[in-house]
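Colleague: Respectively, the protein sequence lines represent chains A and B. Residue 1 is where the first sequence starts when you use the working numbering, and the numbers rise one by one after that. Residue 1 is where the second sequence starts when you use the working numbering, and the numbers rise one by one after that.
Example chain A residues on the side facing chain B (calculated, C-beta under 8 Å, incomplete):
id, residue
1, Tyr-7
2, Phe-72
3, Leu-75
4, Lys-82
5, Asp-254
6, Leu-255
Quick caveat, the hints were computed from the structure, so don't treat them as lab data. What you are looking at is a predicted structure, and each value in this text was computed from that prediction instead of being measured. Ideal Cβ placement from N, Cα and C applies to all residues, glycine included.
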Amino acid sequence: MKKIFKYVMIDILRNKIMLAYTLFLLLISLSVFNLEDNTAKGLLSLLNIILIIVPLVSILFAAIYVYNSAEFLELLVSQPLKRKTIWLSMFAGLAASLALAFFIGAGIPILLYEATATGFMMLGTGLLLSVIFVAIAMLAAVKTRDKAKGIGITILLWLYFSLLFDGLVLFLLFQFADYPMEKFMVGVSTLNPIDLSRILILLRMDVSALMGYTGAIFKNFFGTQAGVWLSFVVLLIWIVIPSWLSLRKFNRKDL
Amino acid sequence: MIIASNVSKKFGKLTALDNVSVTCNKGECIALIGPNGSGKTTLIKSILGMVVCNSGFITFNGKNILHDWQYRSHIGYMPQIGRYPDNMTIGQILSMMKDIRGKKNILLDEELVNQFKLNELLGKRMRTLSGGTRQKVSAALAFLFNPDVLILDEPTAGLDPVAAEILKEKIITEKQKGKLILITSHILSELDELVTQVIYMQDGILKFHKSIEELRKDTGQEKLSKAIANVMLSINQ
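Make a model of the complete structure from these sequences and hints.
Modeller: Written as structure tokens, this is what we have:
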């Protein structure tokens, strides 16, 4: 496991896109923190950028990397190695390098300017989101043989999680406006890791007052210690289930 | 050593392998022959576990290969089209494979690496290699770990005559050491001096598995190419 992980890591860290992504995050976070006098405001601006960019880069980079490694995977599968080892090393390599890029690009500025509980929350969710979207990308990549189709699917998935899902939720809310939907909404928010991260961070900021009655319910649930732990467990499940499904698929895949 | 029992594999509607049963023993040199698309590569890939068959099973030294992976350390595989990560150099590929497969008690067999003069090309990236050089890398990797079983899929396709001759000599030496060798090839004339057994496949069905003497006796032809041509004609009629 360690050996293949090492080769995947070395290969990704040499990749220029990875360097560009890290520098881009670094540039954005430093400028956002320096633009505003109030670092809490800076954190809010950074939140919106991170919730869009981190999933997009993670899902696209991971999917393209897996497709480009088809030869590498084929070579390894014919060697005395467990398929599980090969796939999990690939996952670990991608997840570790994207998380590392996020940590250097956004994590270090957050720790420098806003080393509060909210800052740590943002760091944690950003790292988890990187890993979650690597897992989702690998599932999409192993399910579709065609590269163009697979990358198209990952873009659609990203669009779904960052835009369409919110639209659907709003639609549901308006349709069932006469019913008490607040508790239901708490459940629905666990279906989207990006939303869950956003809620977790927003609730630690003053702006959560703007969220109205639903916000109060959210605060009652996600604001508590137990709620936060539960949300992190849900985010971890978002890593485990896609990677387990993709591993199962890879074990039976014809190469 | 390798026993396949009633192996079937479908790719969508296409039946690549239809109820194939084969027994391969130590010391044999088996030629897998058949028209294009007859399932030769699929059979090889299912033995290697790269293709998972729909029904039937394959055992290696008495153990089902389905949930096993260590058996592959006894196999050297040379694919038909060697596909390697584009960004790695020959040297990196060689050292990576040694890192993954190499054990302390295994003596590396670098004869082909030396004879193909791959040592002079270690810094070349795989993307820049010609098809023939790639085949040389594949061949060198297949023989590198001194495996008991060699599976060679179209080994000489794309090699220049000198390299093809080196490879053939190497196959003969390994055969004399009592290893099991599985070869597919369309160049039947070069198999004449190598093989002891012939497997003929068509449309995913194993038509026959005979020793070469038997085949010569049945068809009355001395040359393998003529004998196979004879068989193909009689099957198609």
